[in-house]
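What follows is the residue order along each chain.
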Amino acid sequence: MSEPVLVLDRLKKTFGDFTAVHEMSLTVPRGSVYGFLGPNGAGKTTTLRMTLAIYAPTSGSISILGHPSALEVRDRIGYLPEEKGLYKKMTGRDLIAYFASLKGMKGRDARVRAGELLDKYGLGEFKDRKCEALSKGMGQKVQVLASIAHRPEFVIFDEPFSGLDPVNQQVLEDVIRDLQRDGTTIIFSTHIMEHAERLCDRLVLIARGRMLFDGTVPEARRMIPRRLIIQTQVNPEALRHVTGVTGLRALGKDDKFEVTLAEGADADRVLAACFQNGISLRSFDRSEPNLRDVFLKLVGAEDAEEVLS
Amino acid sequence: MRNAWLVAGREYGENVRTKGFWIGILIFPILITIGIKAESWLERVKPTRNFVVVDQSGKFDSAIETALARLQEKAIAREFQSYMTRYSATPKTPTAEQSDQMKAGQAAKVDFEQMSEAEAKGTIAFTLISGGLKPNAPPFETPRSLFRQVPAPEGVDTTVAPGAIAEALRPFLRGDRKITVDGEEAELFATLIIPKDVDALVERPGEKRKKRVDRDGAQFWSTNLADSDLREELERAINEEQRRVEYVARGLDGKTVEAVQQTKVPLARFDPKKAAGAEEVSIADQIRQWAPAGFVYLLWISIFSISQMLLNNTIEEKSNRLIEVLLSSVTSWELMVGKLVGIAGVGMTMLGAWLGFLVAILAINSGPEAKVATSLLEVLKTSGLLPAFVVYFLLGYLLYGAIFLALGSVCNTLKEAQNMMQPVVLIMIVPLMTMMFIPKDPNGTLATVLSWIPIYTPFVMMNRAAASPPMFEIVGTSVLLALTVAFTLWLSGRIFRIGVLRTGQPPKLMELVNWLRS
Numbered sequence: 018m019s020e021p022v023l024v025l026d027r028l029k030k031t032f033g034d035f036t037a038v039h040e041m042s043l044t045v046p047r048g049s050v051y052g053f054l055g056p057n058g059a060g061k062t063t064t065l066r067m068t069l070a071i072y073a074p075t076s077g078s079i080s081i082l083g084h085p086s087a088l089e090v091r092d093r094i095g096y097l098p099e100e101k102g103l104y105k106k107m108t109g110r111d112l113i114a115y116f117a118s119l120k121g122m123k124g125r126d127a128r129v130r131a132g133e134l135l136d137k138y139g140l141g142e143f144k145d146r147k148c149e150a151l152s153k154g155m156g157q158k159v160q161v162l163a164s165i166a167h168r169p170e171f172v173i174f175d176e177p178f179s180g181l182d183p184v185n186q187q188v189l190e191d192v193i194r195d196l197q198r199d200g201t202t203i204i205f206s207t208h209i210m211e212h213a214e215r216l217c218d219r220l221v222l223i224a225r226g227r228m229l230f231d232g233t234v235p236e237a238r239r240m241i242p243r244r245l246i247i248q249t250q251v252n253p254e255a256l257r258h259v260t261g262v263t264g265l266r267a268l269g270k271d272d273k274f275e276v277t278l279a280e281g282a283d284a285d286r287v288l289a290a291c292f293q294n295g296i297s298l299r300s301f302d303r304s305e306p307n308l309r310d311v312f313l314k315l316v317g318a319e320d321a322e323e324v325l326s
Numbered sequence: 280m281r282n283a284w285l286v287a288g289r290e291y292g293e294n295v296r297t298k299g300f301w302i303g304i305l306i307f308p309i310l311i312t313i314g315i316k317a318e319s320w321l322e323r324v325k326p327t328r329n330f331v332v333v334d335q336s337g338k339f340d341s342a343i344e345t346a347l348a349r350l351q352e353k354a355i356a357r358e359f360q361s362y363m364t365r366y367s368a369t370p371k372t373p374t375a376e377q378s379d380q381m382k383a384g385q386a387a388k389v390d391f392e393q394m395s396e397a398e399a400k401g402t403i404a405f406t407l408i409s410g411g412l413k414p415n416a417p418p419f420e421t422p423r424s425l426f427r428q429v430p431a432p433e434g435v436d437t438t439v440a441p442g443a444i445a446e447a448l449r450p451f452l453r454g455d456r457k458i459t460v461d462g463e464e465a466e467l468f469a470t471l472i473i474p475k476d477v478d479a480l481v482e483r484p485g486e487k488r489k490k491r492v493d494r495d496g497a498q499f500w501s502t503n504l505a506d507s508d509l510r511e512e513l514e515r516a517i518n519e520e521q522r523r524v525e526y527v528a529r530g531l532d533g534k535t536v537e538a539v540q541q542t543k544v545p546l547a548r549f550d551p552k553k554a555a556g557a558e559e560v561s562i563a564d565q566i567r568q569w570a571p572a573g574f575v576y577l578l579w580i581s582i583f584s585i586s587q588m589l590l591n592n593t594i595e596e597k598s599n600r601l602i603e604v605l606l607s608s609v610t611s612w613e614l615m616v617g618k619l620v621g622i623a624g625v626g627m628t629m630l631g632a633w634l635g636f637l638v639a640i641l642a643i644n645s646g647p648e649a650k651v652a653t654s655l656l657e658v659l660k661t662s663g664l665l666p667a668f669v670v671y672f673l674l675g676y677l678l679y680g681a682i683f684l685a686l687g688s689v690c691n692t693l694k695e696a697q698n699m700m701q702p703v704v705l706i707m708i709v710p711l712m713t714m715m716f717i718p719k720d721p722n723g724t725l726a727t728v729l730s731w732i733p734i735y736t737p738f739v740m741m742n743r744a745a746a747s748p749p750m751f752e753i754v755g756t757s758v759l760l761a762l763t764v765a766f767t768l769w770l771s772g773r774i775f776r777i778g779v780l781r782t783g784q785p786p787k788l789m790e791l792v793n794w795l796r797s
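Residue numbers (the working numbering), protein chains in the order written: chain A, 18 to 326; chain B, 280 to 797.
Next comes chain A alone, as it looks inside the complex (with noise of 0.2 Å):
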């Protein structure tokens, strides 16, 4: 197990007399996609931002890539901030390549590099546009691609897919899902639970400034009860007896009522002791607990609202 790609350890973050961030101690292994989920002001852009030395922390320590400061290993990582700006009057080759530039690669590298990549992440044809005639999700993808062109080892996007139409967010998640493949290390921040849980090793769930859950995806799923969804016109109530059941309710509409079940428990058990007491299923759903109810538990109503909406 080679060193992890990012350690942060105790880390806090004060402006005046408003804590951003409490102390946040985390560990990010090589290789892996970590997601920053929490509302809107918990402190994930603060905490990113910290990562990459654009602020200092009041205290507590980091290592990123070995090293205590972004700025040491800056042309190892790539970052896309949370707000989306391009320079209108350059075009999209001249962007990614300046940007790769900074980033320590030679000039004519990074202008085939930009080429490359723009052809692959289908912007081929607007390559010599410039950026103030793209559209809106052309130039986010421009700016994704502006983070990557250098090959980083470790790669933070904050909030990549806000704004992304449905065929552009695919285009994204093939993004990561390469460079997950090339051994980059990902952190991305998002609001939108579906893409975090599929592309993300890990999760981090942040809320007022607070680390509330660090995990895998499944580890998050066992942070909620077990559940199933059945649908029956029968009085369900003997299923309460089975062994493993926690709760039931009725969910008030189209006959359905959540069965809540205990950490293991078997579902089939459920679906045969239906059969057993005569419970007659119009539909038997055995969802998973998705994220979304994981932050609704975590973080609160009045929270979660704001990050679900």
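If you are wondering where the hints come from, they were derived from the structure by calculation, not from laboratory data.
Within a straight-line C-alpha distance of at most 27 Å, the following computed DSS-like cross-link-like pairs (lysine-lysine) qualify:
id, chain 1, residue 1, chain 2, residue 2
1, A, K105, B, K298
2, A, K137, A, K105
3, B, K694, A, K153
4, A, K123, A, K105
5, A, K123, A, K137
6, A, K144, A, K105
7, B, K316, B, K413
8, A, K153, B, K298
9, B, K298, A, K144
10, A, K123, A, K147
11, A, K137, A, K147
12, A, K137, A, K106
13, B, K298, A, K106
14, B, K298, A, K147
15, A, K105, B, K694
16, B, K353, B, K413
17, A, K273, A, K314
18, A, K105, A, K147
19, A, K29, B, K787
20, B, K694, A, K106
21, B, K475, B, K534
One side only, chain B facing chain A, incomplete, derived with CB under 10 Å:
id, residue
22, R281
23, N282
24, R289
25, G292
26, T297
27, E595
28, E596
29, R600
30, V604
31, V609
32, T610
33, L780
Sample of chain A residues lacking proximity to chain B, with all beta carbon distances greater than 10 Å (derived):
id, residue
34, G58
35, G83
36, K144
37, L216
Glycine residues also receive a C-beta, built at the ideal position from the N, C-alpha and C atoms.
Fit chain B to the given chain A structure using the hints.
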């Protein structure tokens, strides 16, 4: 430092590629050329001026003709002078005759305006025959007449009293009505009215001065009294004619008088200073005194406009958050230095082009007939104004550029920046206001005091550059300026570092002070 160069390269490339930059570069030589050529162009496009002569005495027909002929000679002479300036080929080894002629010409400053038409033509012919022209010279074209005598407009009774005629012509002269010349509408430029009893009004020495009645004598009417060519020639011709008549009246033969009038002692004009080349120097001196003011203006414009570029693109990067990407790749110091260097390059390119154009245009237009251009060129070559300009430009730009960068870094929109810039602009206006006073007393108290204020040093010292201020002041103010530049850069660096990532309201002054302490 590689990153700073990359930033500089991008800033340079982006700004140099804008249309505004090229317009800025090209408009300058166009303005200079217009400035130099304007007079002759204006002369050329001046419409033919129509005038009416009402000569009730009937005595002055020939005099009017003479006046017109002389005006035409003048025009030919002027045209020929500029023609020769452009096309005369100075022979490499002039023949003795040519060389004599040239010497005489130079020494006597051949003055076509004083020549008769015949003489002028003779000189032209001489030059043309003597092969003094460049091979590709086009043939000399006689210019069109600038003045044209036209009959009184229809409906104006020319037999009534002069006052009444003038009244009748007034609307034409004021441009309210047009006259018709060759079927086309035209403006009436002037009217000369000579009353019937003009003889009785002639003033003669020894005679009792005649009682002045309103508008007595000949009357010249024109709304444009500044263009005096026509009036002067008419007056001269009429009086010559009158005098000729008087000679005849006293028994002298008209032919004799004419012949006598044309005798002439050739008079060559010499300037005692000229032998030492001093006459040229006096113009050069003037230029030496005033050229710095021009450079101050150029310095001011260029520093202000390119500092503005720094402000604008800092705000652009801030408002679209590009700054974050940049700061994950370069340090804020590298970014700031890169911007300063890149925009300095833009400014140097612009000034280089301007000065290049200036020198080139002066060189093309300089020659015996364009003393100002020649002297200015000479002053630029010899006076050290140009190196001083480059040094003061760089130091001044760094000083103001650092201030504008810091300003840009704390603002989110141009509007905010404009509010904060107002005090800076007010402070910057001072050297413009003193620009014209300082050359009059370049080493006086005002100039000296302002020189020691670092934000004014580049402008004021540039202003004084030609007056050789004491070496102590040149070195002292420059050192002080350089120190101030270094300090301002350091200060701006700190503000910039914090400011560029800040969003929301621009900071209060106290907040800024805290930033500097942190």
